[in-house]
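Chain by chain, the residues run as shown.
There are 2 protein chains.
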Amino acid sequence: MSNIKQLEIKQISGGVIVPKGFKASGVACNIKQSGNKDIAVVVSEKVAIAAAVFTTNKMAAAPVHLSKNHIANGKVQAVVINSGNANACTGRQGYRDAEKMAEVAGLAIGINPKDIIISSTGIIGVPMPIQKVEEGIKMAVGRLPKGTGTDAAEAIMTTDTFSKEYAIAFELDSQEVRIGGMAKGSGMIAPNMATMLAVITTDALVTLGALDSSLKAAVNKSFNSITVDGDTSTNDMVVLLANGESGARVTTGNAGVFQEALNQVCMELAKLIVRDGEGATKFIEVEVIGAVGDTDAKKAAMAIANSNLVKTAFFGQDANWGRIVAAVGYSSADIDPARVDIYFGGEKLVENGCVVAHDAAKVNEAIKSNDIEVKVDLKLGDGSARMWTCDLSYDYVRINAEYHT
Amino acid sequence: MSNIKQLEIKQISGGVIVPKGFKASGVACNIKQSGNKDIAVVVSEKVAIAAAVFTTNKMAAAPVHLSKNHIANGKVQAVVINSGNANACTGRQGYRDAEKMAEVAGLAIGINPKDIIISSTGIIGVPMPIQKVEEGIKMAVGRLPKGTGTDAAEAIMTTDTFSKEYAIAFELDSQEVRIGGMAKGSGMIAPNMATMLAVITTDALVTLGALDSSLKAAVNKSFNSITVDGDTSTNDMVVLLANGESGARVTTGNAGVFQEALNQVCMELAKLIVRDGEGATKFIEVEVIGAVGDTDAKKAAMAIANSNLVKTAFFGQDANWGRIVAAVGYSSADIDPARVDIYFGGEKLVENGCVVAHDAAKVNEAIKSNDIEVKVDLKLGDGSARMWTCDLSYDYVRINAEYHT
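Line by line, the protein sequences are chains B and S.
Under our numbering, the first residue of the first sequence is numbered 1357, with each subsequent residue one higher.
Under our numbering, the first residue of the second sequence is numbered 1357, with each subsequent residue one higher.
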C-alpha cells in the first residue's frame, strides 16, 4: 500500500494518443445532418491486450454483439466508432453493417478485422447509411498520421456540448507509463454500464487477467457511479487497450499503482460526463457513509442521485433535505430513521432524522455553488459510497423533448 | 363470474359522503400560507370496519406510525387529515402532535381517539403548528353538518391543481351499495404506495378479512400502477372504511362484484392523480402483453413509465420508440430482442425489434393527442400489466424547483 500513497500522477493534456504507440483521428462523413465529425478511429501500432465492459441492456445494438465476439480472445488493435446512428434495432442488416465497418477498417489500416472493436451511438432504429460510413472510415484512416485524440473525441459526441479527454503519466518501478482516454455522454447515463462510451489506452504491459479485473474495478468506481437520468442505453461500452509499448510491466507488486492510476482516468472522464449531463447547471457529489455495507451505501446514494425531486430542488437552489430523507427512505438500504444525519457542503442540517441548528448562510452558499456536496451518515456501520450526478433543469426537458435519439 | 359481466355501475357525483352514514368537511386554519383549506375530517355515524395500505418508505412520518397503531384492531370511525405540513422528520414531538390531533378530534366528535386515523401531507421537517391544527380540527368538526366531500377533497391538496373525487352505486344481491373516495397527488407518485393519499368509504357490510384483501387487490391495480416521477414519500396511505349502513352484505358469492366496483373507484382516483401529475400535459397508458408472467410485464411497463427520456419524448410529441425499446431492454423483464413489437395508438411501429412500415399519420395523430396509448408485446407468454403515467414537462421542473416540500 505504500506505493499508492507515494504515487505521483501527472496530468497530461490530450487523450487516447498520449500513451506511446497509439494514433487517432476523427472526420465528418455526413451521418450527422449537422456536418459535425462522426467517425473516430483509434489504432495501436501493434495488437494490444484488451478488456471491455458492455451495456447490460437486453436490446444491445449490433456493434455491441460484434465487438463482444471480436474481443473474446483479449486482443484488439483498433477501435472504430461512428456517432449519429446507433445501429440499434436494425436486425440482421445491422449486424452485417457492423461487420462491414470492421472489414473496411481492417483493409484500410492493414490489420485483421477481427482485431477491431466497432461502436455506434446516436439514433435508434434507422438503418446505417453504410456507404457514407465506409467512406468515412477510409477517410479517417487516411488522416491517422496527422490526426489528434481531440478529433476522435469530437467525432464520438452526440448531445455532448464539449469533447471529453483525460490523460496521465506515472511510474511503475521507475519506468514511465501513460494512460489516456476519451468519453461521450450525455443522456441515458446511469449505473451498470449501458450508459456511455469510453476508449482508454495505455502503454503499460499487462496480462489479460489483470487488465480485465482492473477495468472492472475502475468502472465500478467511476462510470457505474454516475447518473444523469437513470436511463441506460442499447449501445455503449468502455474498452481499454494496453499495447505494452512503454516496456513497463504491471506486476502483482505494483498492480495497486496501476489500479489507482486507471481509477483516476475513469473517474475524471466519468465526472466530465456528469458535468455535461443534459441541461446540467450543477455538479453534485452524493456521499453516503455509515451504511451497513458498501452495497447498502450505494443503494442509498443512487436513490438520492436518481431522484427527480432531489435533482429539481438542486436546480432550484433549494437545500431540500426532506426529499433526500425521502429518497434514503425508499431506497432498499437498511436505515434507522432516528439516526440519519445529512450535511450540505460540510454543514450538518439534519441529526438523528430531525433538522438541527445550523449555519444557514453556509448551507445557502453550498447550495448556490456549481459544485455541491451532500453527505448522508446512516450511523449503522462502515459501508460507504460516492456517486456523482447533476441537477434536472428546463434544458434537460428541452434537449430530450427535441432531440430524436 | 356471471355477476361481474352483468355488473351495472353507476357513477354518482361527489366523493366520500356519497355512501350512507358518512359526513365530511374541510376548512382553512392557516397551516398553508395561501389561506387555502388545510384540514379535512371524514366521519362515519358508527364505527366502521377499516383497512389501509401505508407507505413503504422507511422514513415514514409520525401520523403513519400512529395510524398503523389505531387501525390494528380493524376499526375506524373518523379520518383527520391536514395538508401543508407532513409531520415527517419531526422526532418524538411529531408523534405527540399526531396523538394530540386524534385526542382533539375525538373530543370534538365525541368518539374514541383510538378510532381515528391521522394523516398529514406537505413540507417535511418542520414542527407542526399544533395550536392552529387543533383549532382547525374543532372548526372542521363544527362544520360537519353542512360540510361536503368536496370541501374535504380540497383540504387535502398540496401541489394538486384540482380536487379529486369519485363515487359509484351498484347492487349486491339487489340491494344498493355505494363506494366513494377522494385522493390527492401529485408529485412523489410512484408504485408501492408511499405515494399519495386516498380515503375511500362504503356503506357495504364487509368482514375485516374480505375488506383487507379487497383493498390490497384494488390498490395493486390502481395506485400501485401509476407513476409520476418514481419518487415515493414519507407519508401517505389509502384507507377504506366500510360502515355497513346499506345493509348489503359482501359474501363469498358476490365478493367479485364488490371487488370490481372497488377497483373502479381506485383506478379512477389513480388516473385523476396522473392527469394532475406535476406539469403533466399528456396522460399515458402503457400496456405490456406477452410477458413471461404478470410480474415481468409490470417490470417492463414500469421501466417505460418511469423513464425520463420516454417522458420528455412524449412531452415533445415524438413517437420515440427507440427510448421505449431501451427502457424495456434495461428493465429486468425477460425479453427476446428479436420478438418485441411496439404499438402507438393501436398502430404497429416496431415488429420483432425492428421498425416496420406503418401509417405515419395515424402514429402522429396518436402522439399529438392528450391521451396516449403505448402497447408493447413481448411475445413470450401470457403475462400482462397496465400502468399510467404522464409526460415530463418544463412545468414539472418549475414546480419542483420552486416548491419547497
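Treat the hints with care, since some could be wrong.
A pair counts as met if it fits within one copy or between any two copies, since identical chains are not told apart.
Said to hold, decoys possible - Listed next, the in silico BS3-like pairs over lysine-lysine satisfying Cα-Cα at most 25 Å (straight line): (1) K1470 to K1718; (2) K1470 to K1655; (3) K1724 to K1577; (4) K1655 to K1414; (5) K1414 to K1488; (6) K1376 to K1456; (7) K1735 to K1414; (8) K1366 to K1470; (9) K1704 to K1414; (10) K1735 to K1724; (11) K1424 to K1572; (12) K1731 to K1431; (13) K1724 to K1704; (14) K1494 to K1724; (15) K1704 to K1388.
Calculated directly from the structure, the hints in this document are not laboratory data.
> Should K1724 paired with K1577 be assigned to within, between, both, or neither, using CA atoms and 25 Å as the limit?
Replying inline: Neither: 27 Å inside a chain and 42 Å across chains, both beyond 25 Å.
> Is it within a copy, between copies, both, or neither that the alpha carbon of K1704 lies no farther than 25 Å from that of K1388?
Replying inline: neither (48 Å within a copy, 27 Å between copies)
>> At most 25 Å between alpha carbons: which applies to K1655 and K1414, within, between, both or neither?
In response: both (22 Å within a copy, 14 Å between copies)
> Using 25 Å as the alpha-carbon threshold, which applies to K1414 and K1488: within, between, both, or neither?
Replying inline: neither (28 Å within a copy, 55 Å between copies)
> Is it within, between, both or neither when you check K1424 against K1572 at 25 Å Cα-Cα?
Replying inline: For K1424 and K1572, only the intra-copy Cα distance (15 Å) is at most 25 Å; the inter-copy one is 45 Å.
> For K1724 vs K1704, is the C-alpha pair at or below 25 Å within one copy, between two copies, both, or neither?
Replying inline: within (17 Å within a copy, 48 Å between copies)
> Is the C-alpha distance from K1494 to K1724 at most 25 Å within one copy, between copies, in both cases, or in neither?
Replying inline: Classified as neither: same-chain Cα gap 49 Å, cross-chain 43 Å, threshold 25 Å.
> Between copies, within a copy, both or neither: which fits K1704 and K1414 at Cα up to 25 Å?
Replying inline: between (42 Å within a copy, 21 Å between copies)
>> One pair to classify: K1731 and K1431, alpha carbons no more than 25 Å apart. Within, between, both, or neither?
In response: Answer is neither: 42 Å inside a copy and 43 Å across each miss the 25 Å cutoff.
>> Reference check for the pair K1366 and K1470, CA-CA at most 25 Å: within, between, both, or neither?
In response: Neither way: K1366 and K1470 sit 35 Å apart in one copy and 68 Å across, limit 25 Å.
> Is it within, between, both or neither when you check K1735 against K1724 at 25 Å Cα-Cα?
Replying inline: neither (28 Å within a copy, 50 Å between copies)
> Using 25 Å as the alpha-carbon threshold, which applies to K1735 and K1414: within, between, both, or neither?
Replying inline: between (38 Å within a copy, 15 Å between copies)
Violation of the numbered hints given earlier is confined to hints 1, 2, 3, 5, 6, 8, 10, 12, 14 and 15; the remaining hints are satisfied by the structure.
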